[in-house]
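There are 2 protein chains.
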Amino acid sequence: MKKLNFLDTGFLLAESREQPMHVGGVALYTLPDGADAQTFLNNIAGIMRDTDTLQPPFGDRLKMGPLGLLGNVHWEADPAMDIDYHIRHSALPGPGRYRELFNLVSRLHSTLLDRKRPLWEMHLIEGLQNRQFAVYTKTHHAAVDGARSIHLSRSMLSNSPDARLQDSPLSTASWERYRATLGERPRRGLSDREIRNVAEVLKARFDSGANLFSAVKRFANAWAGNDDALALPFLKVPRSSINTSIDGARRFVAQTWPFARIHAVGKAFDGTFNDAVLAMCAGALRTYLQNHTELPDESLKAMVPVSLREEGDIDSSNAVAAISADLATNIADPAQRFAAIQASMRAGKAFYKGMSAAEVQAISLLMQVPGMLLMPLGLASRLPPFNTVISNVPGIRETMYWNGARLDGSYPASIVTEGVALNITLVSYDQNVDFGIMACRRSIPQAQRIIDYMEDALTELEDAAGLTSARKTAAPRRSAKAKTKAKPRAKVAPKAKVAATGKAKPKPKPKPKPKPKAKPKAKAKAKAKAKVKTKAKAKAKAKAKARVKPKSAAGKKPTTRPSRKK
Amino acid sequence: MKKLNFLDTGFLLAESREQPMHVGGVALYTLPDGADAQTFLNNIAGIMRDTDTLQPPFGDRLKMGPLGLLGNVHWEADPAMDIDYHIRHSALPGPGRYRELFNLVSRLHSTLLDRKRPLWEMHLIEGLQNRQFAVYTKTHHAAVDGARSIHLSRSMLSNSPDARLQDSPLSTASWERYRATLGERPRRGLSDREIRNVAEVLKARFDSGANLFSAVKRFANAWAGNDDALALPFLKVPRSSINTSIDGARRFVAQTWPFARIHAVGKAFDGTFNDAVLAMCAGALRTYLQNHTELPDESLKAMVPVSLREEGDIDSSNAVAAISADLATNIADPAQRFAAIQASMRAGKAFYKGMSAAEVQAISLLMQVPGMLLMPLGLASRLPPFNTVISNVPGIRETMYWNGARLDGSYPASIVTEGVALNITLVSYDQNVDFGIMACRRSIPQAQRIIDYMEDALTELEDAAGLTSARKTAAPRRSAKAKTKAKPRAKVAPKAKVAATGKAKPKPKPKPKPKPKAKPKAKAKAKAKAKVKTKAKAKAKAKAKARVKPKSAAGKKPTTRPSRKK
Numbered sequence: 155m156k157k158l159n160f161l162d163t164g165f166l167l168a169e170s171r172e173q174p175m176h177v178g179g180v181a182l183y184t185l186p187d188g189a190d191a192q193t194f195l196n197n198i199a200g201i202m203r204d205t206d207t208l209q210p211p212f213g214d215r216l217k218m219g220p221l222g223l224l225g226n227v228h229w230e231a232d233p234a235m236d237i238d239y240h241i242r243h244s245a246l247p248g249p250g251r252y253r254e255l256f257n258l259v260s261r262l263h264s265t266l267l268d269r270k271r272p273l274w275e276m277h278l279i280e281g282l283q284n285r286q287f288a289v290y291t292k293t294h295h296a297a298v299d300g301a302r303s304i305h306l307s308r309s310m311l312s313n314s315p316d317a318r319l320q321d322s323p324l325s326t327a328s329w330e331r332y333r334a335t336l337g338e339r340p341r342r343g344l345s346d347r348e349i350r351n352v353a354e355v356l357k358a359r360f361d362s363g364a365n366l367f368s369a370v371k372r373f374a375n376a377w378a379g380n381d382d383a384l385a386l387p388f389l390k391v392p393r394s395s396i397n398t399s400i401d402g403a404r405r406f407v408a409q410t411w412p413f414a415r416i417h418a419v420g421k422a423f424d425g426t427f428n429d430a431v432l433a434m435c436a437g438a439l440r441t442y443l444q445n446h447t448e449l450p451d452e453s454l455k456a457m458v459p460v461s462l463r464e465e466g467d468i469d470s471s472n473a474v475a476a477i478s479a480d481l482a483t484n485i486a487d488p489a490q491r492f493a494a495i496q497a498s499m500r501a502g503k504a505f506y507k508g509m510s511a512a513e514v515q516a517i518s519l520l521m522q523v524p525g526m527l528l529m530p531l532g533l534a535s536r537l538p539p540f541n542t543v544i545s546n547v548p549g550i551r552e553t554m555y556w557n558g559a560r561l562d563g564s565y566p567a568s569i570v571t572e573g574v575a576l577n578i579t580l581v582s583y584d585q586n587v588d589f590g591i592m593a594c595r596r597s598i599p600q601a602q603r604i605i606d607y608m609e610d611a612l613t614e615l616e617d618a619a620g621l622t623s624a625r626k627t628a629a630p631r632r633s634a635k636a637k638t639k640a641k642p643r644a645k646v647a648p649k650a651k652v653a654a655t656g657k658a659k660p661k662p663k664p665k666p667k668p669k670p671k672a673k674p675k676a677k678a679k680a681k682a683k684a685k686v687k688t689k690a691k692a693k694a695k696a697k698a699k700a701r702v703k704p705k706s707a708a709g710k711k712p713t714t715r716p717s718r719k720k
Numbered sequence: 155m156k157k158l159n160f161l162d163t164g165f166l167l168a169e170s171r172e173q174p175m176h177v178g179g180v181a182l183y184t185l186p187d188g189a190d191a192q193t194f195l196n197n198i199a200g201i202m203r204d205t206d207t208l209q210p211p212f213g214d215r216l217k218m219g220p221l222g223l224l225g226n227v228h229w230e231a232d233p234a235m236d237i238d239y240h241i242r243h244s245a246l247p248g249p250g251r252y253r254e255l256f257n258l259v260s261r262l263h264s265t266l267l268d269r270k271r272p273l274w275e276m277h278l279i280e281g282l283q284n285r286q287f288a289v290y291t292k293t294h295h296a297a298v299d300g301a302r303s304i305h306l307s308r309s310m311l312s313n314s315p316d317a318r319l320q321d322s323p324l325s326t327a328s329w330e331r332y333r334a335t336l337g338e339r340p341r342r343g344l345s346d347r348e349i350r351n352v353a354e355v356l357k358a359r360f361d362s363g364a365n366l367f368s369a370v371k372r373f374a375n376a377w378a379g380n381d382d383a384l385a386l387p388f389l390k391v392p393r394s395s396i397n398t399s400i401d402g403a404r405r406f407v408a409q410t411w412p413f414a415r416i417h418a419v420g421k422a423f424d425g426t427f428n429d430a431v432l433a434m435c436a437g438a439l440r441t442y443l444q445n446h447t448e449l450p451d452e453s454l455k456a457m458v459p460v461s462l463r464e465e466g467d468i469d470s471s472n473a474v475a476a477i478s479a480d481l482a483t484n485i486a487d488p489a490q491r492f493a494a495i496q497a498s499m500r501a502g503k504a505f506y507k508g509m510s511a512a513e514v515q516a517i518s519l520l521m522q523v524p525g526m527l528l529m530p531l532g533l534a535s536r537l538p539p540f541n542t543v544i545s546n547v548p549g550i551r552e553t554m555y556w557n558g559a560r561l562d563g564s565y566p567a568s569i570v571t572e573g574v575a576l577n578i579t580l581v582s583y584d585q586n587v588d589f590g591i592m593a594c595r596r597s598i599p600q601a602q603r604i605i606d607y608m609e610d611a612l613t614e615l616e617d618a619a620g621l622t623s624a625r626k627t628a629a630p631r632r633s634a635k636a637k638t639k640a641k642p643r644a645k646v647a648p649k650a651k652v653a654a655t656g657k658a659k660p661k662p663k664p665k666p667k668p669k670p671k672a673k674p675k676a677k678a679k680a681k682a683k684a685k686v687k688t689k690a691k692a693k694a695k696a697k698a699k700a701r702v703k704p705k706s707a708a709g710k711k712p713t714t715r716p717s718r719k720k
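So the sequence lines, in the order shown, correspond to chains A and B.
Just so we're aligned, residue 155 is where the first sequence starts under my numbering, counting upward by one.
Just so we're aligned, residue 155 is where the second sequence starts under my numbering, counting upward by one.
Hints listed in this document are in silico derivations from the structure and should not be mistaken for laboratory results.
Since the list can't tell identical chains apart, any single copy or any two copies may satisfy a pair.
Derived pair list, reagent style SDA-like, types lysine to any residue, alpha-carbon separation capped at 25 angstroms:
hint : residue 1 : residue 2
1    : Lys270    : Arg203
2    : Lys217    : Arg171
3    : Lys270    : Ser170
4    : Lys270    : Leu167
5    : Lys217    : Ile241
Assemble the whole structure, with the sequences as input and the hints as a guide.
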């Protein structure tokens, strides 16, 4: 019987009907050529239902003493493991677009896992168009952390379409096989002492309800030996509709962008890929809040986990630090916004300079949980530790297969917490970046708009970086869109029509077309180049844009897989 | 703002993750000729989404003060009514049998309603075979009681396939129109004093945790002026696997029988239709417990709500009394079992003799809630007030239509409570009786078997009543079945095969074929008749049996609509 550590128990304690604490994702696959959907899915379900050798804790349930979650909590083998309960077969209503998929995933992600059983579910979903199927998984954060989830999904995939695994990815055999292929050492866990330091703060709250705010600050300062405001949560965090009391229903939307596009923006501004992601999200959030006439004067802050690994450094390879990034949503100019974001990220990383991997991990865990700590005090929505979470998870950079079915995309489905009603998580996969956006259904009723605004923000950044000269054609389109913002329902009819005619349907295998090779090393250079761009190039850019806009009836969207519109 | 009465609040208080307190059902429809499934369902969804005029409490959410559920609770209009949240579109995975439908309904019934929203959901389900679709509804018991549910479903149905309603059954307009068509006076609610008497007992528990058991007895005796053991819960209630601690997951199965078949058995034994239903269920439970080698020495008791209306009595028309019926599961002989059940039902009704409708209702409410009362004490699974609930709801005795879609069956989905892991509810509809069985997934993993055993029990009763001479052919089949009981998985493969070949698919409109007219007035008479039965008749009977057994590859099941096998 393995004992849960204090943090894992914390995820259970923090859970409520309004705030399920499970993480998961949706993977999109294309059936192997010639395979029958029913047969293939039944076969996969059969493999998944092989329960004899489940690795912990997939066959384990929670075991508590008389103190419940406040006492010691262990994992014990479920004596009546009911695998059919966990492996489920679902289907989408017609016409089987991504819209229907996201609707279903939103619902599935809104329900609590059963605490009397092993804390996971897997849903095989049929009914998608173009020979695709989807797999939605949810696992309690107390059972499996992010790193483990990624290892699990990797262990079941192969870069060969001909590879076949006859045991469940959740089996011990699969895990052992995968572990043997890992070139690097497994992550070192936190030491007892390190956990205890984090635990003490958590405990202080649960035992006494004492002054948590100062405790968190004191703790952070003690670790860091300084007081760098940029890296600490709670400071200068404005309020918005994203930072309200949440309810139990979720909205999930997802979208794919070419990695190269975002990467080029980062490079053009002398920043990182992650800086570009943040700038793209920041621009989208600025537009979203503007359209809800509630853009705060102060900039939004995002909790951003970043890897601190340096070249050749293996030991700290899993040192993921939580940085409270300034999203500069109060800055109108995209280039200036990028610069401000970049500066805050650099300051955030500097904050962790000199810490051991374990120290970084401990303090980062603490930073990620203040929402949990504040909830029992009813403070989270009044004192959000940050406005949102933007998490970039490194993924696999080649095409992968699950028993011959090609993985088309993999979209994270994360947690929203009291006071932080929006989570943006992205995974790089193959030539793409797959974004999964999880939102509280009531607080953010138009989550799907954020996807549109992200594309707008990326275009704006490309324009600012001189990666295109299509800025003039872009401008009127964007303002035309702005006009429709007052009537959210107005978009439904025409889009439904587009979908019905099949024009907006994504291609089964949208191989991303690399953009025309315009890779300026710096902004100035890029601008100079922009001047010599031919008309033909501008046209190509306009075309490329049309592609990612499902509103365009002619759009084929080769680079964007799902796009939920409503 | 309408205040919830104490009982409705009790349903909220009694609710937990393991014990959702919503009721509902699944209605099966056949699409009108020529109608396209997608178009028809979208049209129906559109009608349902007309939110302007929702009748209370379908547009209302709970409003509580600082005391929460322990203080006053009101309904208040939901300021952000999100109708898309409540009206949902779902689909079944292939091959779209009733098995897939029941799987989905089991899952949907297992999740809690969101307390921050109006307490109902409606799921339009596509993907069934034979042009059928299903509608699953769930509504919190605090929001709508059984009588209201029936009125609601009646208000949307018509006996004409050509009738079209353009407003939602949940709209005020629909309700007003329906009320106008009612020939009888609306039900008189309980007076404040009557509610208070019930409430006092409930309160005694919540305030003091005092001796509940004696309080319940005292209360019941005070009302009744006597102490008829047969009609009181808690007395001589044996324990079984049906009476354990429940978890949050459900198994739902459903089946249809011809009304005439069950009615004939009741008549043959000089009993009522309801007596025959109880005998059929009792036989099934006896077999189920025998096969789990845990048949208690003492007979199981069922909580049975019965109508006490007498001919011409309009005032007490809704006086539904709760009787604790002796199911005589310890008696092997079906005729003797029937007699014992009948006697206990008569005694139960006698217990209520001379009470006003309101008195009957008050005491019956109390009898139905002891499970709720015992739960906070953790006693329900150790001291079950009864072993199961068998509830017979009178329905509509003609074919009905919803905007042209023929209603093929209507299966109640009720509540299981701590200590009472099984609920059998039935509705008469058209020429049939539709049974819905709700069970705790863990406590009763083979709920679908109960359906088979009910058919066996009915056959056994028919044989005992001399309604058939096919007893000899029945015996070997039943014992052959008993042999497979030890390996529950053994049945899956052959059944899946049968389904895949389409042989077991139910007909879209299974017009029940009336059985050969053998209506003996009494047992003796019937037996005499049985002697002169021709061989041809026995054959016909054997054939009829084959029909209701989906295992039989040749079976067409014209009289049984859904039958979930696993």
